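Engineer: Position chain S with the ligands relative to chain V; hints supplied.
Heads up: the sequence lines are chains V and S, in that order.
With my numbering as the guide, the letters of the first sequence map in order to residues 269 to 642.
With my numbering as the guide, the letters of the second sequence map in order to residues 21 to 301.
Incorrect hints may have been included.
[Unchecked claim] In silico contact screen, one side only, chain S against chain V (beta carbon under 8 Å); selected entries:
{"id": "1", "residue": "T72"}
{"id": "2", "residue": "K116"}
{"id": "3", "residue": "D119"}
{"id": "4", "residue": "E143"}
{"id": "5", "residue": "T147"}
{"id": "6", "residue": "A148"}
{"id": "7", "residue": "A160"}
{"id": "8", "residue": "L164"}
{"id": "9", "residue": "R208"}
Because the hints were derived from the structure by calculation, they are not lab data.
Note that this is a predicted model, so its numbers are computed, not measured.
Here a beta-carbon is modelled for each residue, glycine too, at the ideal position from N, C-alpha and C.
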Amino acid sequence: MKKSRTDMIFNLSLVALIFAAVIIVENIPGVNPMLSTVLKKGSIYALVAVSMNLLNGFTGLFSLGQAGFMLLGAYTYAVITIPDSAREKVYMYVKEGSAVSRAWFDNISNALHMSEDVSKLLIMIIGMLAGGLIAAFFSWLIGLPVLKLKRDYLAIATLGFAEIIRAIFQWDKLGPVTNGSNVLRNFPTFKTAVFPLTVSALCILFIVLLINSTYGRAFKAIRDDEIAAEAMGINLAHHKRLAFVISSFFAGIGGALLAMFQNTLQATPFKSAMTYEILLIVVIGGIGSISGSIIASFLYISASEWWLRGLDSGKFLFIESPAVLRGGFRMVVFSVIIMIIVLFFRKGIMGEKEISVTRFLKLFKKKDEKNKEI
Amino acid sequence: MSENVLKLENITMQFGGVVAINDLSLEVNKGEIVSLIGPNGAGKTTVFNVITGVYEATNGAVYYEDKMILSNHPQGKMKKMYAGTDAGKFSDVMTKTPDRITSLGIARTFQNIRLFKSMTVFENVLTAKHMLRKSNLFGAALKLNHREEANAREETMQLLERLGLDDVKDELATSLPYGKQRYLEIARALATKPKLLLLDEPAAGMNPQETMALTAFIKSIRDEFDLTVFIIEHHMNLVMDISDRIYVIDFGKLISHGSPEEVQNDEAVIKAYLGVSEEDE
Ligand SMILES: Nc1ncnc2c1ncn2[C@@H]1O[C@H](COP(=O)(O)OP(=O)(O)OP(=O)(O)O)[C@@H](O)[C@H]1O
Ligand SMILES: [Mg+2]
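Next up, chain V with everything else stripped away, as it sits in the complex (with noise of 0.2 Å):
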């Protein structure tokens, strides 16, 4: 119980020297704009990955449907908050215009004499939500026959729902909602990692306070044997389908939060590909690691975006090779850094292990009382 508690502390501390520290380095002039990038997008994808964890790792169940539910989340985000002002012109390929409005909120808000930044931070809110919850409701949909499959399949089908997904969101009569294959923009944004830091590390604090409560234990039951967990009372369907719904949650308001990011909204990145790369983060964390996960997300966010730049625009460290270091060669550096990590750390940075500061001072005792018996 002690030891628990000193690793809260800890940990809310560390989160606060974060905050601290974020605030002040977006402040500083100067600063390397990539940090900041590095900053937001790998807080948005430690969310993501800490909810593919959540079902991958502690619940069992090999789900590939993480950009689908993502894709879901953006959309849904982005239809609900454009502004109307800005409605024609995003819809202006679009031959019937938007059907969606947000007129239902502008009046709330314009009779509650709400400021203008109250007012965008709560429809930011309002369609994170939604985006969700919109989410959460296709994966409650598709999980009764889905989750009934065994592993592989599992995986195929959820994959192939992300595919289905992205090419319904496309489709042309869909336009005057998702506005078919053209791009959605003017929804509002974000400008500072604060925001997007924020709502990771609450959505984040949530999964590990259910992680740690019976519902997480009944997952790991499942995770570690199904027969003996149904034997123990466990009803599987029902708690397969909680966890699946949940992840899913999490993942459209990741979304969300990617498509803020990305200032536009389209479906084609959200291809099998952008799984692949959540999952993979997983694995480099190891899974079953919520803190691997989120150490992690940063470490591939800032070696793809930030640290391995160089080698695609011919010049990396004092290597200065316009010939071999060209468009593409990143990425062949780091899929062989990442096998070299797969190959080798099969368990990932940290196992199924947390970071924990009373195992860490554990480690020190443990060394103290060696060097005195030396």
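Structural biologist: Okay, now just chain S with the ligands, sitting in the frame of chain V:
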């Protein structure tokens, strides 16, 4: 003493063409310790799997505390293939998933130990308390159920103390020696607060001393937790010592039934075991 806890009526379990249980009827009464014995492959574990809803019997009905909980008759393809008897006797179809059976008050252990591998001894037992929760997901995540959780932890601790597992409570369940793993399985089953306990070869892999200790232990928990026990076992010393009544099956068919003395002297049983009976495994 004759209050009926479990009753099987004409149960037949057919896998494809294989009849694993053939027209089996039996009863277990409140407070009894009843054994189910038979040679390897006789269908004993399958009987447990039918009672707990892992398999759906092809024909027959199961009653728990005088209420029908499971029932079936040959349907679909099975109609033609059915090789058992009493095909027309049961008209109801009633199925339940294993978790529903457990929540009725029937808990079991497994012949090939099935502990939660990633969890400690304590967590294994605590997880079985999930079934008894009243809190919903949000309440549990936001720790609004702290009283329930504290209660579950305390009961878990008490169980572990009772079964002599408290000193290893923070160890990985799978790192325990074999015998202790079997006790842990019993602890986990007891955590669901059952009225009927099904034990599938709890003494498998134990030496004679351990088996004797287990025999005394099963008797004591029967009294302490007000249990009815239905037990599958190969160790004849344990079976003869512990059982109020014994059912013997061979090739899925009931071949004998009665008190330990009656069964021990039954020609059919001796023939089925063909001298295998007093072996030590
Ligand atoms: N799922 C199944 N599919 C097909 N056949 C099965 C299945 N389960 C059990 N059987 C068959 O049913 C018969 C009885 O098996 P069961 O495991 O119940 O025997 P047992 O009496 O528990 O034996 P043991 O003493 O070895 O544990 C065996 O012939 C087995 O092959
Ligand atoms: Mg068996």
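Engineer: Now tell me if each hint is right for this structure.
Structural biologist: Here is how each hint holds up against the structure:
no., hint, in the structure
1, T72, "6 Å, holds"
2, K116, "11 Å, violated"
3, D119, "5 Å, holds"
4, E143, "6 Å, holds"
5, T147, "4 Å, holds"
6, A148, "4 Å, holds"
7, A160, "4 Å, holds"
8, L164, "10 Å, violated"
9, R208, "7 Å, holds"
The structure does not agree with the numbered hints 2, 8 stated previously, though it agrees with the rest.
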